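Protein chains in written order, with the numbering used here: chain A, 14 to 482; chain B, 14 to 482; chain C, 14 to 482; chain D, 14 to 482.
Hints in this document: simulated from the structure, not taken from any laboratory.
Just so we're clear, the structure is a prediction, and the values are computed from it rather than from any experiment.
Worth double-checking, as some hints may not be accurate.
Below, in silico cross-link-like pairs of lysine-lysine (PhoX-like), each with a Cα-Cα straight-line distance of 25 Å or less [as the list claims (entries may be wrong)]: (1) K415/A x K38/D; (2) K325/A x K133/A; (3) K38/C x K415/B; (4) K38/B x K415/C; (5) K325/D x K325/B.
Covered, in the sense of this in silico footprint (three residues per stretch, anywhere, with C-beta under 8 Å from a C-beta of chain B), are these stretches of chain A [as the list claims (entries may be wrong)]: (6) 104 to 114; (7) 327 to 338.
Among chain B residues calculated to face chain A with C-beta under 10 Å, some are [stated by the list, open to error]: (8) I187; (9) L346; (10) S469.
The beta carbon of each residue, even a glycine, is placed where N, CA and C say it ideally should be.
There are 4 protein chains.
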Amino acid sequence: MALLTADDYRASLSDGRTLFYRGRKIDDVTAEPDLRVAVDHAALDYEVAHNPTHRDLAVATDPEAGDYSAYYRIPRSGDDLLARSRLIETVTGLGGTMVTLIKEIGSDALFALQRVLEGKELERARAFSRHCRDGDLAVAVAQTDVKGDRSLAPHAQADPDLYVRVVEENADGIVVRGAKCHTSISANAHEIIVLPTRAMGPEDADYAVAFAVPANAAGLSMYVSSYAAGDRNSFEFPLSSRYKMLETLTVFDDVFVPWDRVFMCRQPEKAGLLALTFVEYHRFTAVSYKLPLVDALAGSAALIAQMNGVLKAGHIRDKLTQLIIYAETVRGLTELAAQRFRVGEHDIAYPDPLTTNMAKYTFATRYHEMLEYVQDCAGGLLVTGPGGEDWDSPDVRPVLEKYYRAAGSAEDRLRVMHLVSDLTARDFGGYHAVLAVHAEGSIEAEKMQIFRAYDSTRALAYARRLAGL
Amino acid sequence: MALLTADDYRASLSDGRTLFYRGRKIDDVTAEPDLRVAVDHAALDYEVAHNPTHRDLAVATDPEAGDYSAYYRIPRSGDDLLARSRLIETVTGLGGTMVTLIKEIGSDALFALQRVLEGKELERARAFSRHCRDGDLAVAVAQTDVKGDRSLAPHAQADPDLYVRVVEENADGIVVRGAKCHTSISANAHEIIVLPTRAMGPEDADYAVAFAVPANAAGLSMYVSSYAAGDRNSFEFPLSSRYKMLETLTVFDDVFVPWDRVFMCRQPEKAGLLALTFVEYHRFTAVSYKLPLVDALAGSAALIAQMNGVLKAGHIRDKLTQLIIYAETVRGLTELAAQRFRVGEHDIAYPDPLTTNMAKYTFATRYHEMLEYVQDCAGGLLVTGPGGEDWDSPDVRPVLEKYYRAAGSAEDRLRVMHLVSDLTARDFGGYHAVLAVHAEGSIEAEKMQIFRAYDSTRALAYARRLAGL
Amino acid sequence: MALLTADDYRASLSDGRTLFYRGRKIDDVTAEPDLRVAVDHAALDYEVAHNPTHRDLAVATDPEAGDYSAYYRIPRSGDDLLARSRLIETVTGLGGTMVTLIKEIGSDALFALQRVLEGKELERARAFSRHCRDGDLAVAVAQTDVKGDRSLAPHAQADPDLYVRVVEENADGIVVRGAKCHTSISANAHEIIVLPTRAMGPEDADYAVAFAVPANAAGLSMYVSSYAAGDRNSFEFPLSSRYKMLETLTVFDDVFVPWDRVFMCRQPEKAGLLALTFVEYHRFTAVSYKLPLVDALAGSAALIAQMNGVLKAGHIRDKLTQLIIYAETVRGLTELAAQRFRVGEHDIAYPDPLTTNMAKYTFATRYHEMLEYVQDCAGGLLVTGPGGEDWDSPDVRPVLEKYYRAAGSAEDRLRVMHLVSDLTARDFGGYHAVLAVHAEGSIEAEKMQIFRAYDSTRALAYARRLAGL
Amino acid sequence: MALLTADDYRASLSDGRTLFYRGRKIDDVTAEPDLRVAVDHAALDYEVAHNPTHRDLAVATDPEAGDYSAYYRIPRSGDDLLARSRLIETVTGLGGTMVTLIKEIGSDALFALQRVLEGKELERARAFSRHCRDGDLAVAVAQTDVKGDRSLAPHAQADPDLYVRVVEENADGIVVRGAKCHTSISANAHEIIVLPTRAMGPEDADYAVAFAVPANAAGLSMYVSSYAAGDRNSFEFPLSSRYKMLETLTVFDDVFVPWDRVFMCRQPEKAGLLALTFVEYHRFTAVSYKLPLVDALAGSAALIAQMNGVLKAGHIRDKLTQLIIYAETVRGLTELAAQRFRVGEHDIAYPDPLTTNMAKYTFATRYHEMLEYVQDCAGGLLVTGPGGEDWDSPDVRPVLEKYYRAAGSAEDRLRVMHLVSDLTARDFGGYHAVLAVHAEGSIEAEKMQIFRAYDSTRALAYARRLAGL
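Bound-form chain A, shown alone:
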């Protein structure tokens, strides 16, 4: 029941899991340099619990469980949700705008399971939740199926395995087959919770399944994305050389799951609700972990504008103001979503869905416009400037020092320039940009959720009254 250290965490990952990376089978996730960056980054979620500065935020205590990671505290109030948001923001801030996610997403799923389920399934979810909490585990969630042709339902696909499905049910448990994609942090998690990705009809019953498996389960293979692979020097890549999250194609090749880890089996009528309830938490996690990113955009734009000597230009002021409005609207709505919390099934609190989705929508739909403003403040040097090897060269550095000084020293300016480049113009930036559009549900999904979550009673009644109806 002890809080793991970062080293404990690293050690625990050498468990025989089946991983592939860049075409090769990887024996130890901590030994492969690219993957190690991600492991070390994720380990932040363990470090904060042992860091006096963050301990109050990161560690919860209760009589039954003793000290445990605050990520696993079941929220009962707006204050709990606010504290959770601050913890996520803090650790993501330490993680260079990249969320660690190894406890965030898992606890989102655990809260959802404990709200939606009833009876014996609820008991299993509660037991599994205690298991995660007490073991201080890193927990991934595999939700998005590979989906095949998006215009067809799960059962109507050319290959029946394009959504994860139950292929066998017996006294001991179930056997599942299929694949999930975009599974974040699974390569360095202990457990993987599998949730349905959408509402389902009766014909899709086999696909209405939720369960948990350890990362080294037999038959489970994970194919780590090669996106943004490769060693990077830290002068040129101040963020991407240090902060990294891994995604996998997560393949279930007839994986056996014992009943005590099965949370839903062939209950299509509940699939949509479970998917949506998870998202209620997960979008709040999302807007919380976006806060360091929006601050980084606003802050780096102001910093580079100052170093370029353009802080007084009217159009630069205007762009900085847009960045402020953007960052602070996302922040304000996130805070408000917690303050407007509601209490759901089994006395578990959740953030106001309308406000959460508005925060996420605001973040997602203006993100690319903000990139334009940051790039505009920085200048073309973002993509035409010198790199780390230039800086390290005794022949080249003096030239750079002479010619790249502006309102600040060449070194400071180049460092900030590379920060902006990493953040907005290279693969790390592209990762953030694509996540803005797609992670935790698409923009379209957020719009639908806003339309549904909005209580139109007041506005409709008011319009009727004004019209004299």
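Let chain A serve as the given structure and place chains B, C and D on it in line with the hints.
For chains B, C and D alone, coordinates are given in the frame of chain A:
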């Protein structure tokens, strides 16, 4: 010290004030039909205090003052600000999206004066504040000078009277000359508080003046705008036939002001601060009174879409969702501005300026886009449809009833159509639209205030850390 | 075959047509003041043909027909389309941003009929086209049915008359019943062409009908919209006091149409094509007549900014630049649509649909944003200023002259202010705004047309090549 | 006077020029793998002249010069400009959305020099122009100085070398010192033309200098940017593995320039005009070379949407339509800019500046929004998918083939996905995005140019007439 009734209020306005309307001198503001509509509309601020439904919100009590209008309660906390916001929203809702403003704006100015002033001027402001509260008075604020050529400072204008200025100072008081424009509700107020409109330099000392005069002061003439004049039938103009606010050109032709009503005299160094402090309250008043308007847009768009039978169309859903996001972002940020209150000089609370300005900016900059969406949901009938006389005609009505039915009856549909037309396509709508851009400060002023109010410490420090500086 | 004068036109309208306005039956459209404004405005289409300045643009000649109105010239080339565009722009410019439309829309329909029809129907259309040309007639088009519940097809409506339909067919002709709405300039036209409003299925055969009737046909009643009714003084309403277009609800109460005026009868398979072909011309007419409007926005914003003394302010420059980009993009795409003309059936040219729709879409979707910019340049005086009676009053005018001067005289400034107010903030402005969204097809219809008209071959092939497919 | 082959071109670059890349001095630009990619890409400009498909577009002929590269044809008409635009578009299309630029930018500068100069300087420019044409040379333009603190003028910088300046003038020529940045294709050009970057005052006379030097001039060092360095496999990086442009920091360390290559020396009054005239051509080059890029966005979005099976979804249609409008508005305005050509000094034609800048502004300000739409159509797989080594692995590929099939095969879909990823989410995409904002002048510069180029006469006169002035 009693709370006036609406009739008390109406009666009190026949006080010999000098008013001009449509080229004529008006002897009694309550007897001129167009102006009477505005008086009756403003009287709502008195009615709510006697209405059991609203009394708790509208009436404050304290040992010294007894019962008094809650508008005049000096805010000490976020809850006070929230209650004030709800009162403003409620009365504006009763007023058909048009703010009454006769106590809102005056109390905004009184709070500002009591925060910014010191010494004997503070005592005068406090005494005047008690006078307004105890007399349950309607109080206008004349702030915007006519300004002449905007590229020149007050003292540099071709005519020295283009900003209100002190022309004489003697033992008893001061004499002022000049004109203010856009003075809302002055024609039906008891008192008029005059504030400087901008920061001023030493050469503008004569223009750095703040004071209060009764509406019937000698030498004071008010020229009521003819905008949206004329009698209107309520079928065709459901809002503008009933809800109206008056603006005046307010001319001070050597008006004497005794010292106990002079709050600032030739103190240019304080002019900017007073102007800005007033705006801190007044923009919060603004976003509070915009809430019924944004609800009316969202509600009437949904209602007319339903009546047209287009509620299922994807692009209509999309527009309704945009209206929801708009209305609810303004609402959310307004609520948050109160929750993030600060306590200023002399222990008077004020809403968070950054959040208030973001709410106002969001409202102002997307307003016209929202009009487009509402009009899109409604259809061309907004400007090609039948009017009240058509509806009243026994020959015409049956034709309309047959041909204008859709998913609702022709009557309901035409009523909602006229609501939308009044709200978005006629002079009442134009009034709202121009106010969105200009009232309580321009969009540019809001952007500047956001840039100034933003504390960039966190974001800059974070960017520096990420860049390794 | 002579070109009518404006007086000929006015005289010709006293023909016993059945008109209703503001609940009353109107005996003579030229005698009712509000309607007379519209008649005089429309008469511009006749005046230009007799005005030496415009005659070259306005009059066409050919051996068979002699001199005739250039509106009726069948386009054979891009130059013909450009000339047509310039004529429409010129007359609309004379008409104070309001299109006259009495020959524009009719000729749009005549071109479409002569492209789509074949056989005896084509002969009828050609004969009718000569009739309009040779008689120099004013011709309205009634296309939009009242439609009832938009989610239902014509035949599925609760009342079968909610789309115009054939109720009888006999040796002499057909009998039609139903109503069209938004019928522009019908009240002051000679002829009314009726076109189907949409694609139709076999069950809607009765509704697939196109024909022409004289404005005084038995059984035809027109209910003129009361929108923007009432006398206006020209100081306060410089545009709406002089320029006006009328719309009617156009009711066919068993109107008989002889065969030689029937262009389509129960041919649902052709209804969509005819509707769309008309729109190909009519949207080009639309973007042509929008050019004076976008110029008026850009010009009046610059003029009022200059008079306010704010022309050097960065944010004002920015808004003026946005207005320029807007106006000139619409203008440029309109010009290009003609240059990229195509030649359709029966050798009749038409403007490039993709480019035309992009011009219209650009105009429509940014219109409200432009209103915001114009209003921002002008100031709050738009809705708080003095009116015509104030200006005419010897008591009030001197006060206005003193206090409303800025970088220009008070008179010039107030005149431009009222121009902007009429154009953007009152019912005339609302009319333009709603037309921007709905006239000549909705924004959604334009988007669909762009998607369909775009030839994706080049882009798809290029993407395939880049991907190595 | 022969047209060089691609091999001639490659061979000619081994000329002893001083190049640095990634901290090392490079002896031969064609031997360094990363740089070789750029050389091969640039060689396209030579290949097209020998390719029968493109020869007509790529080769010009005249009696004096014989056959020569059409890039160097001095434009005399709109047709010449259109042909030039098509040539640039065609070669950029072959170059995978990346402009080759080795003749485009140089000829832009040569046209500008030949319009702006007079007398002996004009003769030198003409002679140099013939030299480039007859030698079929690759010509870079170094315009943007490193600039130091942007809030200070050239002469006011802490280091006088932060703008390139004349340090000595003698009988034979001048000596220059300083550095230019963002110099595109200089590393693989034969000649480098140096132009002033901005308007200058009398105190900046030393900085008002324009000249040409060969790429291997003594004292000239070029530091190639390391942006997007490194070897890439073509499955994962279909564009960036093959198409590349190099930028250098171009340092003049007391470089001698003989008088016959000096085009401007200490003529600050002409600096701004020369800078601007170059930009008149160069922005037209820019919008021409952006056309394959906007097609690639529109095409790849449609292709991946189809492969994902989401082509029928309303919101996807909407995004594809936005991409069409974007791509086609840029294309349309580019075409129109040529059609509206003007003839400038010395009978040299140039594209209409207003229209050119509107095309560029439209491209630049909506680019990031378009990236969002493309990414939205593609899905999260953009950043979570498998790479080239995965695809090459016999263990992994079958898994990918099974699970990544959708409405198309896994291979096709992954190839298009990587195309989109390269184009929008990785460093190649970031390069395009930053160029959209900064290349050929910033967005702010384009706005200023639009404001200046617009002839407001028509709109102002119209507004005055409407206002009755």
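Hint-by-hint comparison with the structure:
1. A hinted pair counts as satisfied when its Cα atoms are at most 25 Å apart, and K415/A with K38/D qualifies at roughly 19 Å.
2. The suggested pairing of K325/A with K133/A is violated, with an alpha-carbon distance near 65 Å, which exceeds 25 Å.
3. Among the hinted pairs, K38/C with K415/B is consistent with the structure: their alpha-carbon atoms are about 19 Å apart, no more than 25 Å.
4. Distance check on the hinted pair: K38/B and K415/C sit about 19 Å apart at the alpha-carbon level, within 25 Å; holds.
5. The suggested pairing of K325/D with K325/B holds, with an alpha-carbon distance near 16 Å, which does not exceed 25 Å.
6. Counting residues of the stretch 104 to 114 of chain A whose beta carbon lies closer than 8 Å to any beta carbon of chain B gives 3, which reaches the threshold of three, so the coverage claim holds.
7. Only residues whose beta carbon comes within less than 8 Å of a beta carbon in chain B count, and the stretch 327 to 338 of chain A has 6; three or more means the coverage holds.
8. Residue-level restraint check for I187/B is violated (minimum Cβ-Cβ distance to chain A is 39 Å; threshold 10 Å).
9. For the restraint placing L346/B at the interface with chain A, the shortest Cβ-Cβ distance is roughly 6 Å, inside the 10 Å limit, so the hint holds.
10. The criterion of a C-beta within 10 Å of any C-beta in chain A is met by S469/B, whose closest approach is roughly 6 Å, and the hint holds.
Hints 2 and 8 from the earlier list are contradicted by this structure; the remaining hints agree with it.
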